[in-house]
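Undergrad: If you want the building blocks of each chain, they are given just below.
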Amino acid sequence: MAENILVIGGGPAGMQSATLLADLGVNVSLVERDSYLGGNPKKFKYKFLFPDMQPADNVIGELIRKTETNSNIKIYYSSEVSDFKENGKKFDVTIKSPNGNETKTFDSVIVATGFEHFDPARDAKYSYQLFDDVIDIKDLERMFGEGNVNRPSNGQPPKNVAFILCVGSRDRHVGNQYCSRVCCTVSVKQAIELREHFPDCEVYIFYMDIRTYGFFEDLYWEAMEEHDVQIVKGRVAEITSGPNNTVICKGEDTLLRGPFEIPFDMVVLASGMEGGPQSPEMAKKLGLELDEHGFLKPQNVTLAPFKSNKKGVFLAGACTGPKAISDSITEGGAAAMDAYVYAMKNK
Amino acid sequence: MALEKQEKRLVAEKGEHIIARHLIEDDHIKEEKNLVIDGVDVSGRWNTFITTRVDSEFDRAFFQEIKETVVGSRINRCWQCGMCTASCTVTPLYRRFNPRAFIYMMQLGNLKELKKYVDVAWRCVGCYKCSQRCPKQVNPAEMMEALALLIKKYFPEELEGKLKIDEEVKKIYEDMILGHGRLDLAKLHTSSMQKMGKTKDLIGKIERDAIFKMAKDGRAFSILRLGKPHNWGKSKDAIENYLKNVKTIENEAM
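In the order they appear, the protein sequences are chains W and P. One point on numbering: in the working numbering, the residue at position 127 of the first sequence is 127, and numbering is uninterrupted. One point on numbering: in the working numbering, the residue at position 90 of the second sequence is 437, and numbering is uninterrupted.
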């Protein structure tokens, strides 16, 4: 008899786990809270992915197609785990879906509930939602996806755009001390895209550190050397309204040690990643540990980053911390391997 | 005594009455010594105005201008790590000479700030340590040339008092380059010693010994044989032609 494995979350990590396990002949149940697969990348219509600017559809679309067409995967859309009980080394799980409740016994469980974009409205100094021209990276990504990157306020092409890094990250004031890892790279990627889309538009990036780690650095160099994106050191402390329908960024240029108040046509906030409400919810339902940042806590961050404190429950993707899509897919595979080994051992 | 001094001074110094005056730079204080508005005398402290320090625009036109020059073409590469200033030969002597900061001001088109450094911006000695060490190959040494050209263009008046060309030295250099096609260090040394009136030191004991030694092992003759660059005649003509044209243009402008 084939093993039963439950995957919670249909984002990049969850889909990778599900398809790999299904290829091994496992009966996979995939629980997804939305009515579609693809997680945040699909929800916010990511268009091109860093570092190689390949179309998101090549990655996310491909994973969705593979998951949907695999006969070993049963997908529960708009569903959630309503009850979770340990049954010896196995788990009795009730899945609540629009078609009613269904209780099944699973050999192991993979949690891939992902992250939520930080809501910049929570940090009032950035005036997000107050001015139409203050948007964040997920909004801009959606605008690229929809093919309209003109100014939201008047539909005109912007003449100058500012990116503000570390919004909702590395800031005790909003309660997030960690670095969200991808926002720098996403910002320089979008800066390049904007420069390509509007060659006459000036693009500035206000930064404290630019953390385009590893080979993502190539994109940062490209943005400066080939697209004349200007970086300015200093975090912006206030966004106010300016003359001629502009928004003013007020900050300190820490290299010249002087204050600035520069009007921009559009401001893009590089909002970070958060564990979201789903992480504590999962922790409560499944009896997992939460870390001090609001993400699920792995058993050992170095040796077993995809194992939870509970035997038989595995973690994959951004539910354990901010991650790039490539990292999430890698972890999906790694967690699938561990979940499979656990299921085989306790057959 | 003190009283006498006070009586003598009729006009107050600019912004004198401002508490903590030392925190405000001269440029930011506007004060008319004699000003009458609608028949009311508001001279001196009655019209003092402190302008804001806040920068309110980035001037990318300026950045483009530098980028289009040969020496400044890599300005977009600089990420302000400070390797150039750390390597600089001049910075330890003149703290205000900071290549990194100058490049940043050029990137943002901050002429207001650059203007303050008209006197030191010329201090680069061209050792090229910065360009050799720069992690992004910005070539800061040549960027300083771009800066010098720009300062000449934008602040000719400020420059007038700060920079005086010594015609004598200029002639020594020109003759050397046009005559030999290269710098002749021995001649440069001799000329400078002569100019400083230290002709006697040129043939001191150490120098005499050195000349004797170099004549003995043949180095002295190899220096004489160094010669001129290949096809120097053509290059010389071109340079002379160029200098003549520049002079004509300058004269016409006058």
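FYI, nobody ran anything at the bench for these hints, they're computed from the structure. It is possible that some hints are incorrect.
[What the hints assert, rightly or not] Label-pair ranges, simulated between beta-carbon atoms:
no. : chain 1 : residue 1 : chain 2 : residue 2 : range
1   : P       : L496      : W       : E261      : 27 to 37 Å
2   : W       : E225      : P       : K509      : 31 to 41 Å
3   : W       : D209      : P       : K518      : 27 to 37 Å
4   : W       : E261      : P       : D466      : 22 to 32 Å
5   : W       : S241      : P       : W469      : 35 to 45 Å
[What the hints assert, rightly or not] Think about it this way: if two alpha-carbon atoms lie no more than 30 Å apart in a straight line, the pair counts; the simulated DSBU-like pairs of lysine-lysine are:
no. : chain 1 : residue 1 : chain 2 : residue 2
6   : W       : K89       : W       : K310
7   : W       : K159      : P       : K414
8   : W       : K90       : W       : K74
9   : W       : K311      : W       : K66
10  : P       : K476      : W       : K250
11  : P       : K476      : W       : K233
12  : W       : K159      : P       : K377
Even glycine gets a Cβ: it sits at the ideal position worked out from N, Cα and C.
Undergrad: Does each hint fit the structure? Answer for all of them.
TA: Each hint, compared with the structure:
1. L496(P) <-> E261(W): 27 to 37 Å: At roughly 31 Å between Cβ atoms, E261(W) and L496(P) fall inside 27 to 37 Å, so the hint holds.
2. E225(W) <-> K509(P): 31 to 41 Å: holds (34 Å)
3. D209(W) <-> K518(P): 27 to 37 Å: Since D209(W) and K518(P) have Cβ atoms about 52 Å apart, the given range 27 to 37 Å is violated.
4. E261(W) <-> D466(P): 22 to 32 Å: holds (29 Å)
5. S241(W) <-> W469(P): 35 to 45 Å: Given about 43 Å between the Cβ atoms, the range holds.
6. K89(W) <-> K310(W): Since the Cα atoms of K89(W) and K310(W) sit roughly 11 Å apart, the hinted pair holds (cutoff 30 Å).
7. K159(W) <-> K414(P): Holds. K159(W) to K414(P) sits at ~20 Å (cutoff 30 Å).
8. K90(W) <-> K74(W): holds (19 Å)
9. K311(W) <-> K66(W): Roughly 29 Å between the alpha carbons, so the hint for K311(W) and K66(W) holds.
10. K476(P) <-> K250(W): violated (37 Å)
11. K476(P) <-> K233(W): At roughly 25 Å apart (the allowed maximum being 30 Å), K233(W) and K476(P) satisfy the hint.
12. K159(W) <-> K377(P): Not satisfied, since the Cα-Cα distance of roughly 33 Å exceeds 30 Å.
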